[in-house]
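K.L.:
One letter stands for each residue in the lines below.
2 protein chains.
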Amino acid sequence: MRSVSIIGIGLTKFGEHWETGFRELIVEAAAKAVADAGIEGKEIQALYGGVMASGRLMGQEHIGALLADQLGMNPLASTRVEAACASGGVAVRSGYLAVASGMYDVVAVGGGEKMTEVSTEDVATALGGAGDQEWELFNGATFPALYALMARRHMREYGTTEEQMAAVAVKNHSNGALNPLAQYQREITVEDVMKSGYVASPLKLLDCSPITDGAASVILCATEKLKEHAPKAEAVEIIASTQASDTLALAQRASMSEVASTKVAVNEAYVRAGVGPKDIDVAEVHDCFTIAEIMAIEGLGFFPKGKGGKASEDGETALNSTISINTSGGLKAAGHPIGATGIKQVSEIVLQLRGQAGKRQVNDAKVGLTQNVGGSGATSVIHILRRRK
Amino acid sequence: MRSVSIIGIGLTKFGEHWETGFRELIVEAAAKAVADAGIEGKEIQALYGGVMASGRLMGQEHIGALLADQLGMNPLASTRVEAACASGGVAVRSGYLAVASGMYDVVAVGGGEKMTEVSTEDVATALGGAGDQEWELFNGATFPALYALMARRHMREYGTTEEQMAAVAVKNHSNGALNPLAQYQREITVEDVMKSGYVASPLKLLDCSPITDGAASVILCATEKLKEHAPKAEAVEIIASTQASDTLALAQRASMSEVASTKVAVNEAYVRAGVGPKDIDVAEVHDCFTIAEIMAIEGLGFFPKGKGGKASEDGETALNSTISINTSGGLKAAGHPIGATGIKQVSEIVLQLRGQAGKRQVNDAKVGLTQNVGGSGATSVIHILRRRK
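Heads up: the sequence lines are chains A and B, in that order. Residues in the first sequence are numbered consecutively from 1, following the working numbering. Residues in the second sequence are numbered consecutively from 390, following the working numbering.
FYI, nobody ran anything at the bench for these hints, they're computed from the structure. Model, not experiment: these values are computed from the prediction. C-beta atoms are modelled at their ideal positions from N, C-alpha and C, and glycine is treated no differently.
Partial pick of chain B residues on the chain A-facing surface, computed with a CB cut under 10 Å:
1) Met441
2) Thr631
3) Gly763
Calculated from the model, a selection of chain A residues having no Cβ within reach of chain B, i.e. all distances over 12 Å:
4) Leu178
5) Gly197
6) Ile211
7) Thr322
8) Lys359
Given the sequences, and given the hints that come with them, work out the whole structure.
P.N.:
Spelled out as structure tokens, the structure:
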């Protein structure tokens, strides 16, 4: 397999885009990524798109073709992948494999979702498709409810507290306040979180990531072709791209207080990359709910099992602390436009490794990791990126 | 890139499965493919699934995770791809790239759709997602209407007749009558087609492929690993796997009487495979409507542009004639369970190249081709397969 590098990134503002449609958001992100890479559009040889619920939210499937069409990239091969909230991560990995295979030298990956212009009920139903329709959603489970079950179990087994979960939200809002593209650029306090209403006990409104519009894009290039296509780009190498699955329904898992697919995927990633958790300077993890970040930093090996809550409360995951987690603001504060999220995570790590993260820059970041989760953990995708100089 | 071969195929009966759900159909197809390959399930290293409209038809996204779960394959990486009616073909191609890359040696590809238990209106709306929602479906176009426009243009430009289109249906039903897994195993006459009611003039009911339940699966293996994993399998080599796109909306194309993406993809495939149209002994093409088969056999270079209708009427595409087209019965008679179709096409070619196609066997078939189309041509996927001995 050939080495693959990221030569360009592009993001829209995440938030509520009342004047802009899905098609315009995707084009904006891709155009920014192409400009960032310093390539010409004609150097791109294939497209991969990550979108979750366009069928239900917009009546539009066939998003691969839509991307090529809207970007003026016909007749390039353009493929949509879908893995619920991990659609973006899987899109990056699909582009990675296409370049690693030798089929293509330069590939554009894009993803996004337009979620705020349909009813909350329609969004909840669409997002429910990430879980087990027959065993969970049909019987009334919602995603906050599924993660609430995991939170309760984590509290029971490890003594994790609601205040510790709140600390995750506070830290991610603190980072989001430094990110000009984040949906929420304001700080909050533990008291704010504790006073917000329960969505599904013990998870409160400010434990939950929001509904968001937005798009993200990255340009991938075979590392051996960097001089040809992107001589001036500050390329970042993908040193591992892995993916694992678990049962769709939460009830069928061996444990409800961890995401087993993340452990499988990251262990493979560490072996492939030749690094361990101590080598990771910065990570973007899938904090769709605050408990998810606590389970993530344990499953990724950054903290021992059961200690993630305390580590969060003690500030060990804050910017330039023990390990900088979710410098972008995470899903919680930067927003969660489903198909864009996994790509935004990778983009944030690229910015950090380039030293271009502005006020939220991690000092001398050399190696970064992303963890993108689908559903309640039925899919996990891990990418490890390394600075090239 | 490594060479990739197909070592196993598995199909359910195509038709109306009132007693069987999507989950059971997928498991049946995959189990048959594993048995056909003579491998153990644990040799499989990753899964790819092609499903189009599960979100709208079943409220279920995250089909990659569902596949791994239902097949007992956790924690393998499992990825859903979607390209409307070309979802199956794109799934095969995604598996192909994953093996070609060196990431995996053995990959299972599956696809299917469960379409008959929702209302016809819901199916039509779901299928509409294959076209341009904003420019076509929103304004009232249906898929029969889009293909009717193409048929009218072909008739005007080349003098193609309704009787010539009917001849396609008659031939495909004749082949379907020899396929024990086909939805319709009965012959029809040109008169039957001409007497059937108009769906969208000039297309009549018997010019249209049906609504179908079904699933299909193939097992892919790196050719260099065949001795290790599948010493007894009668492997068939994939000598080209290509894909191209066109505008989502029909109205924006340079021509409405051809599928330009098919021409782009097949021309690349012929170069990669080192063969030409005259080398193809048998082909499965995307006859969602009879006019689509006529445009396909022209676009693939089997007959000159404008001569596809006459060739069909003259019997040049019949079993063991000039070139055997849609020996399975095609989408028209074998059925069109969207996500399964592209995989079923590949499976049929494997059977033909192995000499296992029974009463519909093409004499001494050495090289076969599949053409799988998404929407009205916004995606085309081509596979060329070759017998290994």
